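Chains as they are written, first to last, in the numbering used here: chain A, 1 to 88; chain B, 1 to 268.
Any given hint could turn out to be false.
Said to hold, decoys possible - Simulated crosslink set (SDA-like; lysine to any residue; CA at most 25 Å straight-line):
(1) Lys176/B - Arg31/A
(2) Lys176/B - Glu17/A
(3) Lys12/B - Glu21/A
(4) Lys12/B - Arg24/A
(5) Lys12/B - Val26/A
(6) Lys12/B - Arg31/A
(7) Lys79/B - Gly216/B
For the record, the hints were derived by calculation from the structure and aren't laboratory data. Here the structure is a predicted model, which is why all the values come from computation and not from measurement.
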Amino acid sequence: MRFLDRFRRRRQPPSGEIARERLRLVLAHDRANISPGLLDTLKDEIIAVISRHVPIDPEGVRVTFTEGPRESRLVADIPIQTGRRRRG
Amino acid sequence: MAGRVLTITSGKGGVGKTTATANLGVALATRGQRVVVVDADIGLRNLDVMMGLENRIVYDLVDVVEERCRLRQALVRDKRLSELYLLPAAQTRDKTAVGPEDMVRICEELRASFDFLVVDSPAGIEQGFRNAIAPADEVLIITNPEVAAVRDADRVIGLIEAEEKGPARLIINRIKPEMVRRGDMMETAAVVELLAVELIGLIPEDEAVITAANTGRPVALSDNSLAGRAFHNIARRLLGEDVPFVPLREAGFFERLLRFVRTEGEER
């Protein structure tokens, strides 16, 4: 087992890199005061609103928050169920 | 000329605010500046023991606020340097004994007689922190290269901007170069980029800081430690010198030999 662990560990990035990535996300959420829970709420409400007008795939909806050097944005990725897929 | 008020703060506790305050006080005073270090951590006073002045306190900050003494009487002179003084916090009171307007008034009075007032903020973002930043002309944020400390630093940087005390400058403390080299500690460049503030100092982890705290002799009193030299570099930057950010490390045998041959003092 320990032998296998060694390989597994090598594939994981060094912990300093993990710290940086975690901080990037935490700071983005802290600064905008947007919690992961709020993102879930937004996602549910977006699904409800859009699906009233357009058939969408609720499982595929992604609402993410990104922070760049100049601006922060909420990105909603909403896959639409096309006519072809509905027939198939 | 009126003195500059520098407040050292961090959000998170235990990252080195008091150590930095004591050492910047010492480093600035070594460079001929008239300095007073002010302990704004009412009820949890520590700057006095860091500086080895705990046995010489007669009055404190709260005594001044409540007019039991004059400001001058509460200042403790550090005999190791010609112009270094401590204004101690009260140990038996709490942070509500002093308000931001008291701090502003006291610092206004001190400005006339000193070049630098270095204010040691308590941890947190409550009244003690508000007291410490109220008189500040400049704020120095100190953090460690780890997730919780950087997160708190970011929060504090935001509050300082909101109070229009910014832009704050950053000290990264307790860097372990060996861990950075193998990827197990964040690079200082990554911390600076995440916090998006100007860097003013990099302090390596150094056992000398612990022995200095044991004995009450801040590392900046001598040239022998990496941390001490790093604090002197910050003092030089505060005084407007352009000191490059080279990673400080122990000199190897050949470097020491070279330095010996060339003349000393280059490292500072």
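Satisfaction of hint between Glu21/A and Lys12/B, Cα-Cα up to 25 Å: Roughly 20 Å between the alpha carbons, so the hint for Lys12/B and Glu21/A holds.
25 Å limit on alpha-carbon distance, applied to hinted pair Lys12/B and Arg31/A: holds (17 Å)
Straight-line alpha-carbon gap Lys79/B to Gly216/B, limit 25 Å: holds (13 Å)
Holds or violated: Lys12/B to Val26/A, with C-alpha atoms at most 25 Å apart: Distance ~16 Å between Lys12/B and Val26/A Cα, so the pair holds.
Hinted pair Lys12/B and Arg24/A, Cα distance within 25 Å: Distance ~18 Å between Lys12/B and Arg24/A Cα, so the pair holds.
Pair hint outcome, Lys176/B versus Arg31/A [Cα-Cα no greater than 25 Å]: violated (28 Å)
Given pair status - Glu17/A, Lys176/B, alpha carbons within 25 Å: With a Cα-Cα distance of about 15 Å, the restraint between Lys176/B and Glu17/A holds, given a limit of 25 Å.
Hint check: a violation occurs at hint 1 only; the rest are consistent with the structure.
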